[in-house]
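Number of protein chains: 2
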Amino acid sequence: MKYCFGVDIGGTTVKLGLFEATGEIIDKWEIVTRVENRGEAILPDVAATINAKIKEHQIEADDILGIGVGVPAPVSAEGVVNGSANLGWEYKEAKKELEELLNLNVEFGNDANVAALGEMWKGGGAGEKNLIMVTLGTGVGGGVIVGGKVLTGNNGAGGEIGHICVNYSETDHCGCGNCGCLEQYASATGIVRIAKKRLLSETRATVLNKARISAKTVFDAVKAGDEVAQDIATEFGRYLGHALANIAVIADPGIIVIGGGVSRAGEVLLDYIKGPYMERAFFANKKVEFALATLGNDAGICGAAKLILE
Amino acid sequence: MKYCFGVDIGGTTVKLGLFEATGEIIDKWEIVTRVENRGEAILPDVAATINAKIKEHQIEADDILGIGVGVPAPVSAEGVVNGSANLGWEYKEAKKELEELLNLNVEFGNDANVAALGEMWKGGGAGEKNLIMVTLGTGVGGGVIVGGKVLTGNNGAGGEIGHICVNYSETDHCGCGNCGCLEQYASATGIVRIAKKRLLSETRATVLNKARISAKTVFDAVKAGDEVAQDIATEFGRYLGHALANIAVIADPGIIVIGGGVSRAGEVLLDYIKGPYMERAFFANKKVEFALATLGNDAGICGAAKLILE
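Chains as they are written, first to last, in my numbering: chain A, 617 to 926; chain B, 617 to 926.
Please keep in mind that the hints were generated in silico from the structure rather than gathered at the bench. Just so you know, not all the hints are guaranteed correct.
Because identical chains cannot be distinguished in the list, a pair is counted as satisfied if it fits within a single copy or across any two copies.
[Said to hold, decoys possible] List of simulated lysine-lysine pairs, DSBU-like, C-alpha gap at most 30 Å:
hint	residue 1	residue 2
1	K812	K745
2	K902	K712
3	K812	K712
4	K644	K890
5	K631	K832
6	K903	K765
7	K738	K712
8	K765	K813
Working from the sequences, and respecting the hints, build out all of it.
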């Protein structure tokens with residue numbers, strides 16, 4: 617039997633999984649991410665916990681195909697990270713460093729891209745080779761898979777879906793410095809922003825309370841039939857659906873997978889996205905499927921393992 | 617010495633090239649495209665002219681690596697064309713059919729994608745592996761190259777750059793049926809459309825004459841310092857530059873190559889595109905280079921050959 621490890625390094629915890637080459641997860645655990653001192657302990661900690669797990673499972677080094685790793689930053693094709701705010705890293709030759717620590721084959725990828733690969737492999741996009749994944753969390757992350765491979769791009773910044781411009785008239789700034797990014801409307805934060813703006817001038821009755829609003833309260837109210845919440849969801853869905861139509865004309869996906877915390881709202885979310893998508897999609901892209909992500913927090917370790925198994 | 621053929625099938629002529637495996641073109645010729653009877657003669661004609669050329673150059677079948685072919689239609693990964701208006705084709709298993717006619721390895725690709733591959737190999741994008749090519753002709757074609765490979769997508773419709781929506785307020789229809797496509801502003805036809813609209817209400821003096829306007833007359837006037845023409849070029853450049861910024865956030869290119877008839881305007885064209893691009897580009901995409909295509913009509917046969925040589 618051959619094995620590989622999938623590692624998902626986040627700003628708070630590192631999630632790890634031990635996989636058989638067939639794809640089955642046989643162990644799963646977490647360690648704390650120590651970001652102090654420019655995150656210098658992170659890769660040695662990962663190496664130490666993997667070495668401990670290799671001993672525990674009595675695996676021979678020859679039977680390990682490699683270690684796949686997702687990190688919250690652009691990663692070049694050579695496995696170089698040129699700064700990660702969440703990990704405290706500046707320029708780091710991440711692949712080289714971890715390969716030297718472990719004496720094993722290592723592949724790095726951007727965490728959102730890697731999660732997309734995981735959903736293609738075992739999740740909402742299983743069976744597809746051309747996929748767009750959108751992760752609706754605090755921000756909007758994304759990954760584009762083309763012919764089964766992550767679209768990495770020239771700087772490791774491929775598939776940065778959250779920063780496609782969807783509103784050239786916007787005057788509020790996105791975290792990236794531009795105005796009108798998808799992230800300003802379709803993230804959990806963006807939905808709250810839309811809601812608060814609307815509630816300023818809203819005269820209809822609504823269960824929404826400006827002081828305690830969240831993406832969850834909005835979509836709970838949508839399901840309860842609240843018209844104001846439904847208008848907020850319509851605005852959210854219009855920006856996201858139109859953005860996806862523009863992404864599809866470039867990437868020509870077979871499936872679009874929606875994940876992240878906001879996607880816990882369920883199928884109702886897709887209903888608000890599909891209409892505006894179809895309204896603007898190029899004819900060749902109208903047959904695309906929509907699905908919710910299914911792997912949750914495991915998407916990262918699965919996709920990281922797939923970096924090795926692909 | 618090993619050889620391959622590059623074939624560019626257009627609606628009027630088929631362009632062909634014989635290449636050494638090193639990439640050197642050693643012969644180049646054309647035949648007429650016979651589109652009558654659903655274009656049933658096109659592939660047999662291609663096979664016949666290739667067989668004649670093989671005899672003429674006294675090449676052994678074993679020394680032919682294959683035949684690359686570009687066609688004006690989406691092409692699936694399996695070499696199937698599901699209809700081409702320009703060639704009269706309906707559903708056609710193009711790769712299989714030509715392989716049977718020639719008893720040689722054949723690869724098909726979409727003509728705009730294949731031209732992008734050609735420019736990456738020997739043209740304006742030489743040396744790059746991540747490239748966006750935009751062809752500004754009667755329409756706006758395009759191709760996206762990622763990691764040295766054409767982004768084909770699920771239906772062979774990847775990189776359909778001309779149909780990214782750049783203006784959600786547009787009420788005129790694009791040929792594709794949607795409203796606000798890049799093609800409506802950045803093609804030769806689109807530039808004329810912008811110009812005619814502006815001239816309706818223009819009060820300044822201009823050399824432009826509404827009855828005899830073309831993309832060429834507009835850019836000639838731009839170079840002569842005509843302010844009205846410069847405003848038209850500014851509008852053109854804003855739509856194209858903003859669209860390219862949105863495409864770059866997905867594809868993360870190292871270079872953007874501008875080709876097609878409109879690009880004969882030269883470097884001045886790039887000046888109008890770069891500003892709006894930089895204004896809207898995601899920070900990770902600001903270092904991209906811009907270049908004019910250099911292969912002209914040879915981009916198709918070169919890219920087609922590269923389908924075999926890659």
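Hint-by-hint comparison with the structure:
1. K812 - K745: neither (39 Å within a copy, 44 Å between copies)
2. K902 - K712: between (43 Å within a copy, 27 Å between copies)
3. K812 - K712: neither (47 Å within a copy, 58 Å between copies)
4. K644 - K890: neither (35 Å within a copy, 48 Å between copies)
5. K631 - K832: within (26 Å within a copy, 58 Å between copies)
6. K903 - K765: Cα proximity of K903 and K765: in one copy and across copies (21 Å, 24 Å).
7. K738 - K712: within (28 Å within a copy, 33 Å between copies)
8. K765 - K813: For K765 and K813, the Cα distance exceeds 30 Å both inside one copy (40 Å) and across copies (44 Å).
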